[in-house]
Amino acid sequence: MHSLADSATTGLPTADTGLPSADGAVAHTLLNCLLREVSGPEHQSVVADGHLLLRLPRCGALLRVALRRTSLFGAHRFAGPVTERRRDGWTEIGWRRLAELTQDELSLRTGVRNEEFLAQVASSHDAVEAALTSVRGTDVGDPYLASEQALLFGHRFHPTPKARTGDAHDWAAFAPEAGAVFPLRYLAVRPELTAGESAEAWADEELDALREVPEGYRLLPVHPWQYEHLREHPLLRAALERGDVLDLGTGGREFAATASVRTLYDGRTFLKFSLNVRITNCLRKNSSYELTGAVALTRLLAPALDDLAERFPGAAVLREPAYRSLALPGPNGVPDRELLEGFGVIVREGLPRRLVPGATALLAAAVADEFPVSGAQIGRLLPDGSPETALDWWAAYLELLLPPVLAAYFHHGLVLEPHLQNVLVCVDAAGMPAQVLFRDLEGTKLLPEHHADTLAGLPSDVAGPMTYDALRGWDRVVYCLFVNHVAELLAALADLHPSLEGDLWATVREAVERYAAREGCPPRLAALLAGVPLPAKANLLTRWERKADREAGYVRLASPLAESILAGSVAR
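Under the working numbering, residues 1 to 572 are what the sequence shown spells out, in order.
Everything labelled a hint here was simulated from the structure, so no lab data went into it. Where is the CB? At the ideal position from N, CA and C, for every residue including glycine. It cannot be assumed that every hint is accurate.
Said to hold, decoys possible - Mimicking EDC-like on lysine to aspartate or glutamate, the simulated pairs with C-alpha atoms at most 16 Å apart in a straight line are:
1. Lys285 <-> Glu338
2. Lys285 <-> Glu228
3. Lys547 <-> Glu115
4. Lys285 <-> Asp549
5. Lys285 <-> Asp336
6. Lys547 <-> Glu116
As the list claims (entries may be wrong) - Estimated spans, in silico, between C-beta atoms of each pair:
7. Ala558 <-> Glu513: 16 to 22 Å
8. Arg109 <-> Asp453: 41 to 47 Å
9. Asp469 <-> Cys521: 20 to 26 Å
10. Arg514 <-> Thr467: 27 to 33 Å
11. His411 <-> Arg380: 34 to 40 Å
12. Asp549 <-> Glu192: 32 to 38 Å
13. Val112 <-> Asp469: 26 to 32 Å
14. Gly358 <-> Glu215: 39 to 45 Å
15. Val334 <-> Leu118: 36 to 42 Å
16. Thr133 <-> Asp549: 26 to 32 Å
17. Gly457 <-> Val112: 38 to 44 Å
18. Thr467 <-> Glu192: 31 to 37 Å
19. Ala79 <-> Arg231: 44 to 50 Å
Turn these sequences into a full structure, and let the hints guide you.
Shown next as structure tokens:
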């Protein structure tokens, strides 16, 4: 593991790429979290003389960082090292010191000490440092896969965006930011010892076509890392010795790691595997209710998704019609849960099934990245780079993105989760938006008042995790859509043209107004347009309190949609 020693190179770029160092990226990300969740809401921050000053009120630390660009949304761009006020003046500090101050402030604030925190920040730092050693350039291979594998620094409002259990260098063979492409491991399993469901025949056929198996067996693809993790499980070892399970080894066509690490893609189909690895907040394995829930949602949502696709032909959802796993019974005769969940794989539609002809799909998170390393960055998509083209691009994109998400909530009681890593921006040959694709049904929830009968027909362990109440669902939609996605992609455009930020937010408001006018302006949209504070997921506090993602709280941010903030912007 990387040394936890402090560093004096916090804000310096790496010498050969122009990207920030791992030290600088980690420090700035921690500062983002403190500003959004701690010091900002408690009015302990100010912008003055080209700097952000931020106080941690309980531990008494005063911090300062230079600003590359201010933001109407408070999501400023930082430059250079973080400094701390001491008796002899401002002293540069490194990421380790900043992490320690964060730990001290949160311990005093909550009365609880999280002994994992510093190690998780260090793990994220290690992963960023390892990723920076593998930067490959901007035009390597397929542009879609390049965008999936371009996220070197991760979520800039998460304290440990690249944290993973295990050694960062050992992950190089499977990490997307290392450009990982590899064959799968395959097991042949007696049919009666497999678990699975399929809502569409093609999904099972895709799994079966990956590799031939001996007669009397069924194929089970496995992530190679997960196989090494579970290979010594006693029930699996016994099944291998009996011949009920055959280890076929690795082989077949190669799959590429996508941004989520555990979802792999071969150009035809996405396979979402279990990994017994904590990535950011959560252990990334497919729980039994997620396996069955993915197929259940694909079935249940078909009419709603078909309706949305008809009403909004520029948008589509990648569905998850099948899962398969290993069902070896334990002493009680019930399939062993560790193996069932650990070997569970979900089949997701690939791009050929939904992408409009002639369009190129790009991960939205890569398009919005503050420090892009692939051809997906917004500046390379704009045909001429002019402010007028930037506004036209933005208006076209919002018309594809916003209406289907809002209609899903208001018309169908569906809470989509359109954060940057769950959306693909699909552009035409000129770089203009042509389509958006939404993915990952794990985050899609139902509002009980819309789906009471459907939910009543499902097992409680499946129906429960599949729901949000209306308020929590709305917070999730607004956070993912406006705070995580729109604000961050807008920031990337504002980096190109800082004077346009007000006009970009005005364009967002106009897009919401158009949708609201067509739908009679539901009260929640009226409040949004009135400028009520926007919910931002409290990633730092959630991580500190060791809560599940579903239990994450929100902080409230002043809304750039309020007309008073937009006063003076140039009308389009």
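Which of the numbered hints above does this structure break?
none
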